[in-house]
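J.: Sequence:
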Amino acid sequence: MAFSIMSEEDDPYPSWDKTRTPIRIFFKDARNVFKLDELGREIAQIALPAALALAADPVASLVDTAFIGQIGPVELAAVGVAIALFNQVSRIAIFPLVSVTTSFVAEEDTIRSVYNQVEGNDDMETGSYTNDEKKLMIPQNGKGENTHHSNSVDRRFDSGRGENERRYIPSASSALVIGGVLGLIQAIFLISGAKPLLNFMGVKSDSLMMTPALQYLTLRALGAPAVLLSLAMQGVFRGFKDTKTPLYATVAGDATNIILDPIFIFIFHLGVSGAAIAHVMSQYLIALILFWRLMGQVNLLPPSIKHLQFSRFLKNGFLLLMRVVAVTFCVTLAASLAARQGSTSMAAFQVCLQVWLAMSLLADGLAVAGQAILASAFAQNDHNKATAAASRVLQLGLFLGLALAVFLGVGLSFGAKLFTNDVNVLHLIGIGIPFVAVTQPINALAFVFDGINFGASDFAYSAYSMVLVAIISIFCLFILSSTRGFIGIWIALTIYMSLRTIAGFWRVGTGTGPWYFLWC
Numbered sequence: 001m002a003f004s005i006m007s008e009e010d011d012p013y014p015s016w017d018k019t020r021t022p023i024r025i026f027f028k029d030a031r032n033v034f035k036l037d038e039l040g041r042e043i044a045q046i047a048l049p050a051a052l053a054l055a056a057d058p059v060a061s062l063v064d065t066a067f068i069g070q071i072g073p074v075e076l077a078a079v080g081v082a083i084a085l086f087n088q089v090s091r092i093a094i095f096p097l098v099s100v101t102t103s104f105v106a107e108e109d110t111i112r113s114v115y116n117q118v119e120g121n122d123d124m125e126t127g128s129y130t131n132d133e134k135k136l137m138i139p140q141n142g143k144g145e146n147t148h149h150s151n152s153v154d155r156r157f158d159s160g161r162g163e164n165e166r167r168y169i170p171s172a173s174s175a176l177v178i179g180g181v182l183g184l185i186q187a188i189f190l191i192s193g194a195k196p197l198l199n200f201m202g203v204k205s206d207s208l209m210m211t212p213a214l215q216y217l218t219l220r221a222l223g224a225p226a227v228l229l230s231l232a233m234q235g236v237f238r239g240f241k242d243t244k245t246p247l248y249a250t251v252a253g254d255a256t257n258i259i260l261d262p263i264f265i266f267i268f269h270l271g272v273s274g275a276a277i278a279h280v281m282s283q284y285l286i287a288l289i290l291f292w293r294l295m296g297q298v299n300l301l302p303p304s305i306k307h308l309q310f311s312r313f314l315k316n317g318f319l320l321l322m323r324v325v326a327v328t329f330c331v332t333l334a335a336s337l338a339a340r341q342g343s344t345s346m347a348a349f350q351v352c353l354q355v356w357l358a359m360s361l362l363a364d365g366l367a368v369a370g371q372a373i374l375a376s377a378f379a380q381n382d383h384n385k386a387t388a389a390a391s392r393v394l395q396l397g398l399f400l401g402l403a404l405a406v407f408l409g410v411g412l413s414f415g416a417k418l419f420t421n422d423v424n425v426l427h428l429i430g431i432g433i434p435f436v437a438v439t440q441p442i443n444a445l446a447f448v449f450d451g452i453n454f455g456a457s458d459f460a461y462s463a464y465s466m467v468l469v470a471i472i473s474i475f476c477l478f479i480l481s482s483t484r485g486f487i488g489i490w491i492a493l494t495i496y497m498s499l500r501t502i503a504g505f506w507r508v509g510t511g512t513g514p515w516y517f518l519w520c
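Its first residue numbered 1, the sequence shown is counted upward by one per residue in the UniProt record's numbering.
Keep in mind the hints are simulated off the structure, nothing from the lab.
Incorrect hints may appear among the rest.
DEER-style ranges, computed between Cβ atoms [unchecked claim]:
hint, residue 1, residue 2, range
1, 166, 414, 46 to 56 Å
2, 484, 318, 47 to 57 Å
3, 510, 113, 29 to 39 Å
By construction, the Cβ of each residue, glycine as well, lies at the ideal position given by its N, Cα and C atoms.
Working from the sequences, and respecting the hints, build out all of it.
T.: Right, dumping it as structure tokens:
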């Protein structure tokens, strides 16, 4: 069997001057940042659908906010608290599940493809490789060990050779089981503890916000199993570098939500309960579409329970759980501090926060692309591609953040009245607009750094650094909110996102951990 050696001129990811310091990765081939070469097209094909899918749910929440804002400022503030609480509790389970699933599926699918290619070549040229030699062609880590520590590569990746056969990816099956269980636990937790949780968020029993917030949160919690399952399946598709399928499903679900909102809220006169019911129905539609599509591509029934990788998920998931708890607590605390300042402050904070998150999540599309591409590159020990991909997504993230800053700085000033007509709320929204706009480049880089480090399976650093960032940010939130009020909360959130970006920058820029090869 013959192998052709690719020349340096033919290599789409040529090596760069490795005598330079690792920090130069941020400027590598910057002139080609918008070039649609092989890498540019791969990033675009993953990032654009992923960004649209990620932004679709916050956009649907913005539509909810706009409809509910027409009911009154109290209902707007109440739903704002409920949405913030639901989203933050959800992120505790969703973020580790999706991030770990994407990396694991990308690695396993890459190894499966390489192994099956070797098997196919061996079938055509009998006796070319021994069984040990075939295993050596499976991607290795820096220690010469198989990246998945499998005791039997043959048994684990022997399915899915045929083009029309369904693949067996152990992480996909594990993710669905874990997602379903976590969804049920979350639903029970939110329904049984709705009132105490709202009290923690600053909504007291005698507050006008309590009744609508309790109604919305309790009904919205019924959709938690669908949310967790759909996000787990999105992680699987992202691992396959298929972000179009999640996009189609999300758009179908969110379009349903937007159509049902005015019907349930105004025609059936269900108010905030109608908004919650519409959202729950849309989430179950998304889950059904994704499950139907996944069943056609993956054999979800493992040969036995021992083939599921619960221990691997739990080990790395626990690290990311630490991280997401830190992230969640910061954002939840900010919402709670805004709620304690009254319904006017909370209503304004809700509008600014939803716009802030919706726009920032566009950058998460680049993070998804970076994670999927880097996970495959690291699985193949392809450091040149890992370097090129990391550089490109970081540069694109910076440009995207700058564009969003300009767009929001101009557009939100005119669009605030879409959410409310209350003069006092509009005044506070005007105070928050500069922070929402100026932080977009910082947010974009923070999200992209997350994707890069997850693609390198650098979960431990991501967790520990985020805990440190959260401790500093929580201190800033308490001090600044008490001294500067509404504006102090946004100053603290700006500090929080800046520290996240610095933490991601430090790991790659110093060439430590999985980025050791930048010094070689």
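J.: Could you run down the list of hints and mark each one as holding or not?
T.: Status of each hint after checking the structure:
no.	hint	in the structure
1	166 to 414: 46 to 56 Å	holds, 50 Å
2	484 to 318: 47 to 57 Å	violated, 36 Å
3	510 to 113: 29 to 39 Å	holds, 33 Å
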